[in-house]
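Visitor: The residues making up each chain are set out below.
Protein chains: 2
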Amino acid sequence: MEDSHISLAHGNGGRFMRELIGEIFARHLANPRLDVDADAVHIPLPAGEVVVTTDGFTVQPLEFPGGDIGTLAVHGTVNDLAVAGARAQYLTLNVFVEEGFEVAMLDRLVASLGRAAREAGVAVAAGDTKVLPRGEGGGLYLATTGVGIRRPGLRLGLSSIREGDRILVSGPVGDHGVAVMLAREQFGLRGELRSDAASVLPLTEALLGLEGLRFMRDPTRGGLATVANDIVRATGLGVTLEEERVPVRDPVRSVCEILGYDPLYLACEGRVVAVVAPEAAEAALGAWRGMANGGEAAPIGSVGGRARARVVMRTWLGGERVLEELEDDPLPRIC
Amino acid sequence: MEDSHISLAHGNGGRFMRELIGEIFARHLANPRLDVDADAVHIPLPAGEVVVTTDGFTVQPLEFPGGDIGTLAVHGTVNDLAVAGARAQYLTLNVFVEEGFEVAMLDRLVASLGRAAREAGVAVAAGDTKVLPRGEGGGLYLATTGVGIRRPGLRLGLSSIREGDRILVSGPVGDHGVAVMLAREQFGLRGELRSDAASVLPLTEALLGLEGLRFMRDPTRGGLATVANDIVRATGLGVTLEEERVPVRDPVRSVCEILGYDPLYLACEGRVVAVVAPEAAEAALGAWRGMANGGEAAPIGSVGGRARARVVMRTWLGGERVLEELEDDPLPRIC
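Line by line, the protein sequences give chains L and Z.
Each residue of the first sequence is one higher than the one before, counting from 1 in my numbering.
Each residue of the second sequence is one higher than the one before, counting from 1001 in my numbering.
None of these hints come from the bench; they were simulated from the model.
In this text, all values refer to a predicted model and were calculated from it rather than measured experimentally.
From the three backbone atoms N, C-alpha and C, an ideal C-beta is built for every residue, glycine too.
Only true hints are included.
Chain Z regions said to be covered by chain L (calculated; three or more residues, Cβ under 8 Å):
(1) 1032-1045
(2) 1052-1062
(3) 1090-1102
(4) 1115-1128
Cβ-Cβ distance ranges computed for the label pairs, FRET-style:
(5) 1121/Z to 260/L: 49 to 57 Å
(6) 1036/Z to 244/L: 31 to 39 Å
(7) 1022/Z to 299/L: 26 to 34 Å
Here chain L stands alone, though its shape is the one from the complex (with noise of 0.2 Å):
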């Protein structure tokens, strides 16, 4: 392209936009389905049901240790599939960008798109671009839409769990709220800690075949804790979480500390909390130790009965606190 920023004729259907999705979006996310040129695409599924999800993205600043909105966008979208049992087969792409947007900072966030596209196995089918005016917009929003398939008869959701149902954690909870914040100078803090954003779907697929698996879900806006009550609010059960069982690593506690922050309530974005039968929790854990991202997994928790449906945490020192469901927002655009 010749222009080195974003201008509103980029979006108006014309040479300008068909030179900006020709040089930069074609051109990185390039796989045999997206034709660019159609107003709709059609998209070959294999067999099973076919299931859908959506996620906006609005993450400050775009790029942090471990990852970019780019790799987010792809991530959170191929693992809300994942924890439905899904495998995410296609994308589709919303793209909003500000008049003056760098388009040096574009080709890159669009390129980390696409890698992390091919490395999950998924397609982009289909995108649309809006240019805001200047002023508007805060740089780059993205929206995506998976299109994933899993086995007929799958029966995975809040509605499965029962009294007595086991809570494992896939790993550390928090790193990527952290390392979104630490990328952040406003904080004036400084840190080596990544971000723990990934595709979970190699954690989620070890699972499927295991009698007993109730529930999966990635704990990213509003974290652990906010898992928790979603289990509490559906069932009307109570969950206890132990302290002392819940992975978080050292930098995300000492960061916590000093913000007054709670790692259960930051988002992660590449975990996976799993509700199992009580005899399927050390399958499951022997599993999940046994990959990449879940050498650190562990049970973390158990669902009570109906007397006490709140989130009861047993702390270190053998008190307890209730989690209450998220108010104030820790961390705005964190995803």
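Based on the hints, put chain Z in the right spot on chain L.
Guide: Coordinates of chain Z only, in the frame set by chain L:
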């Protein structure tokens, strides 16, 4: 909802977000497929080829005579599938809303979107909302992805177009562009004109059985002239349009004369451009003219040879004018 305006807490994954989703999105978009607690949703599909499309919407003002950003998001997506020969089955919806946005207006727009979806026979299967800090975000942006089904083996596309084919339009062009323009106070003009925004599915389905149907497109961003240029670029063939045959309403013509716009470059949101074999033109026009939105359907030009691969307009006075590909944006945030 207790709050009259959107706050950042409505985007944090916690209680406020749940209230927003429950009281606005779930209420207006309710259908058996919409499970607001799920990460991903199973969408049963009828037999046929699965087709996807995606679009972003940034129109200003958000409400205008004949439509709003909600109806536009539904019709834009339904129409992209319709011109590809497909019937929309499901939508996913991404909402980017700015902190401080009026809840009553969001409610009105989502209600309008829900009505348009029900009328078009399409279910909202999944959604996501992000709240943008005040000063970013320009109020409200939407992105929709549509999943549709079409008859297997249907071959419609730019590559099917042949020399001698006829070009038809289903009704007057430029109404949407001018209606949105007049709704912006900046122009100081007032008019009775309404946007043509509508589902074009009845118009496209009326032609699907027709032997000799080559290609259909809804002339949105960049208008009729941009569709004609797309044909030239994809086929290497020339296109000739007859100025006196292109239907343009008088108020559209007047506003364009005052402001110096060319109606052929203005967006329509409820029209279809069809390219058909010469022997199919009469049947196609006959089918359209018997329909509610097709009364003013007209044959507007034809596809020529390779010798002059341009879009040429034969003027009222017998002259010729080349319609170049759009460079400047005549009107940003039109859809």
